[in-house]
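Please arrange chain G on chain C, whose structure you already have, making use of the hints.
Chains C and G are the protein sequences, given in the same order. No gaps in the numbering here: position 261 of the first sequence is 261 in the working numbering, and each next residue is one more. No gaps in the numbering here: position 206 of the second sequence is 206 in the working numbering, and each next residue is one more.
Treat the hints with care, since some could be wrong.
Stated by the list, open to error - Derived DSSO-like pairs: lysine-lysine, alpha-carbon spacing no greater than 27 Å straight-line:
#1 Lys-177/G <-> Lys-163/C
#2 Lys-280/C <-> Lys-264/G
#3 Lys-280/C <-> Lys-137/C
Read the hints as simulated data drawn from the structure, not as lab findings.
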Amino acid sequence: MPGRRFHLLCIASLLSVMLAGARVAPAATPEANDPWPGLVQDIFNNRPMNDGADVIAIEMPYRAEDAAIVPVTLRTKLPPGDSRRVLRITLVIDQNPAPMAAKFELGPDANVTEISTRVRVNNYTDVHAVAELSDGKLYMTKTYVKASGGCSAPATKVADEAKNRLGQMRYRQFARAGEGRAGQGSGQGPASGTREAQIMIGHPSHSGLQMDQVTQLYIPAFFVDQLRLWQDDSLVLAMEGGISISEDPNIRFTYVSNGATRFRAEARDTEGHVFQKEWKVDDSGI
Amino acid sequence: MAHGVSVLALLVVFATSTLAQAKAQELPVSEVAPGIFVHQGQTALMTGENEGATANIGFIIGESAVAVIDTGGSVREGQRLLAAIRARTDKPIRYVIYTHGHPDHVFGGAAFAGDGTEFVGHRNLPRALAARGPFYLDAFRRIMGAQSLDGVRMIPPTLLVDGTIKLDLGSRTLTLKSWPAAHSDNDVTVFDEQTKTLFAGDLVFLGHIPVLDGSIRGWLAVIDELGALPAQRVIPGHGPVSEWPGALADQRRYLETLAADVRKLVARGAPITVAADTAAAGERPRWQLFDDYNARNATSAFSEIEWE
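With the rest of the complex left out, here is chain C (with noise of 0.2 Å):
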């Protein structure tokens, strides 16, 4: 009977073994296994989360068509006159290897309300939205990405090409219809009033998982992990990024001009790499 009951164990560990395997898959949803409250240990010290839905909005396509580059839209919602300020907005994509995306810092006086920018996307996933406001609290919203179908990876595309354009920065403004251009002046320097604005940086992203040709070793991840954007000496924007931003890392945003007639950027890397330029703010606004 000992022995007989032994059996027994055996042949269940055995099925255990495999429907447990066979659970695997389904685990990657999010609904199997949230991440969410481990991330809220992990990411924000276990603070409280406050409903976000009036704070800060989320916008992401329901499908990521490509899952190296999936556009995000972070956009504040403060009315005019409420005296709390958006002091930083974190971007956490729940199921990705690294979940925070990034953590964008908003310069004092720069009034940023809108922050596009890309991401790459594994699984489909929960993407979370926090603002720290300057009453102390988190806000946090969120949204759901169904991940790409395909054989689209959430990996550098082109990687020779990626590594040609490392360092290379790009700065870009743009009109901005119906805000407030029919009350600015020509010649008379810098315009004030919102601007929408956009950063590019050169950068190939390497989540960390390529392998070197030659030494047939893995190479380390190589993403920039650091970005400060100026006019003149004011800070309008900071990034503090992870490998979950897609390669070549672009920052679109809005911001309230101080009159500056410069705008500086400054990236870094993981490998230490800063990258600088800085460009004359075209009065125009265009």
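Coordinates of chain G only, in the frame set by chain C:
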């Protein structure tokens, strides 16, 4: 005794899977030129039901050896291709040539792994497989189901193509050429000198909307060069075997339209999301799977063209 039972249970598991292999049905193939056999993939997304058999795959039989060109989207499909080969010849399979590293072309590789078979691919292919392989395995386990992913392994090529190389199958020479980033950053073509037949891999799409996972500008440049190859027929990565170089026309028009539309959007400062929604919209009626890939192509093209 306890040990015996669990071993027995394991044996049953193995025996079942071996039986499944032994029963692999021949993949339907047609002989498009003497000694060149092609299975035309379904124009569809890879699913468990279609066993990932969405790409065109095939083989070429020489006097002394066989070369396989792409292995399909599952080990099951690879095994069925192997059965189709063995129904026609018992010559050794000396080469498995990957036209590039996408799942519908490489997931069947394990069916051919063994002594005497060399895997051949672009010099960038090992890097691409290392970077993307783990993600592909996870993602397609989700999409196709765990069973369809059984046995799938990323087998990096050991014979690398950097420029042009020739492979001899015995009185039959294949010319392999590696291309700069186009459909992907690891595209290889295979040209059979004897019959003037070109295996273009996913450098050529027909019917199935082209899928951009490399460089749109690179691809347009490669199309011009490809068109000059002295081929009489092409086996595209997706779509019917066709005459050369007329097969390139639709794809060229699509990619030119996409690039032009995206260029206009970049010039006027539109965000990338607008490109995903609008670029090349006029091409919708001309392609299958348009809604599955066009937005993604536009996103990818935008992120390239904005650097011009």
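Can you name, in rising order, the numbers of the hints this structure does not satisfy? Per hint list: single violation, 3.
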